[in-house]
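J.: Sequence:
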Amino acid sequence: MLILTSKIIALDTIEMKLRNAYISQTAVPGQFLHISIEGHMLRRPISIANTDQEAKTTTIIFKIIGTGTARLAQYQPGMVIDVLGPSGNGFNINQEEGSTVLLIGGGVGVPPLHYLGKELVRKNINVISVLGFQTARTVFYEKQFNQFSKTYITTNDGTTGEKGFVTDVLDYIEAFNCYYTCGPLPMLQAVTKQLSHKKGYISLEERMGCGVGACFACVIRTDDHGGYRKICQNGPVFHAKEVQL
Numbered sequence: 003m004l005i006l007t008s009k010i011i012a013l014d015t016i017e018m019k020l021r022n023a024y025i026s027q028t029a030v031p032g033q034f035l036h037i038s039i040e041g042h043m044l045r046r047p048i049s050i051a052n053t054d055q056e057a058k059t060t061t062i063i064f065k066i067i068g069t070g071t072a073r074l075a076q077y078q079p080g081m082v083i084d085v086l087g088p089s090g091n092g093f094n095i096n097q098e099e100g101s102t103v104l105l106i107g108g109g110v111g112v113p114p115l116h117y118l119g120k121e122l123v124r125k126n127i128n129v130i131s132v133l134g135f136q137t138a139r140t141v142f143y144e145k146q147f148n149q150f151s152k153t154y155i156t157t158n159d160g161t162t163g164e165k166g167f168v169t170d171v172l173d174y175i176e177a178f179n180c181y182y183t184c185g186p187l188p189m190l191q192a193v194t195k196q197l198s199h200k201k202g203y204i205s206l207e208e209r210m211g212c213g214v215g216a217c218f219a220c221v222i223r224t225d226d227h228g229g230y231r232k233i234c235q236n237g238p239v240f241h242a243k244e245v246q247l
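In the numbering used here, the protein residues as written are 3 to 247.
Keep in mind that the hints were calculated from the coordinates and are not lab data. Even for Gly, the Cβ is constructed at its ideal location relative to N, Cα and C. Where hints are given, some of them may not hold.
Distance ranges between label pairs, derived from CB positions [stated by the list, open to error]: (1) D14 x L86: 23 to 33 angstroms; (2) E98 x I175: 37 to 47 angstroms; (3) R124 x A23: 12 to 22 angstroms; (4) S198 x Y174: 14 to 24 angstroms; (5) G211 x Q191: 18 to 28 angstroms; (6) Q136 x Q191: 10 to 20 angstroms.
Kindly generate the complete structure, drawing on both the sequences and the hints.
T.: If you want it as structure tokens, here you go:
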């Protein structure tokens, strides 16, 4: 894929816009790109934050958390990167027209929910978003979410938005029919426990090997008699009650 733009949008957080006709036309919310990075054997899975079919572009957002993503952040517009995708299974967006859904994202779990929210609104579904970050310097895409949803921001230290975690504001969110969530495992565990009475879908962040379901490096136990699912192939999106977090 051809890199069109690459810029810092928050602390250690990079937004990169890529051009490829096939991926922009076929990707669905919740899928990811598996990106090869120079000097690293394993590809990095990066969620899709947006697509533009007319411009043939796909947007990804990633956080610099190791040598691989640090190297990827150094790539410049005009370079071509080796990408597999769109990979994995996306979100189930078959909701009743006029219904209300809740998006709950934490950190780098926010990007796939942006793409999801835009698609839900396009289907005449009402969206409420709760986005959690560590501090004000790590907040990104607040303006973009405000364009299609009522948005709550939380930060661990209270430097912007509500002080605390995403779960601290869930109790006073108005009625909703279904929730979608993506973020760190402790956040997913807390959200699914608090919203156990609601229908929901979770998207898992996980290190991967092959990314196509051959190596069994990214499995998660299910509630189906001790069975397992491959996050890269069967996920990364699952029904909230399907897997054991």
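J.: Run every hint past the structure and note whether it holds.
T.: Each hint tested on the structure:
For D14 and L86, the hinted distance range of 23 to 33 angstroms is satisfied, since their beta carbons lie about 25 angstroms from each other. At roughly 19 angstroms, the beta-carbon separation of E98 and I175 lies outside the given 37 to 47 angstroms, and the hint is violated. The hint said 12 to 22 angstroms for the Cβ distance between R124 and A23, and at roughly 21 angstroms that hint holds. Checked against the hint of 14 to 24 angstroms, the C-beta distance between S198 and Y174 comes to roughly 18 angstroms, which is consistent with it.
In this structure, G211 and Q191 meet the distance hint of 18 to 28 angstroms, their C-beta atoms being roughly 24 angstroms apart. The hinted window of 10 to 20 angstroms between Q136 and Q191 holds, with their beta carbons roughly 18 angstroms apart.
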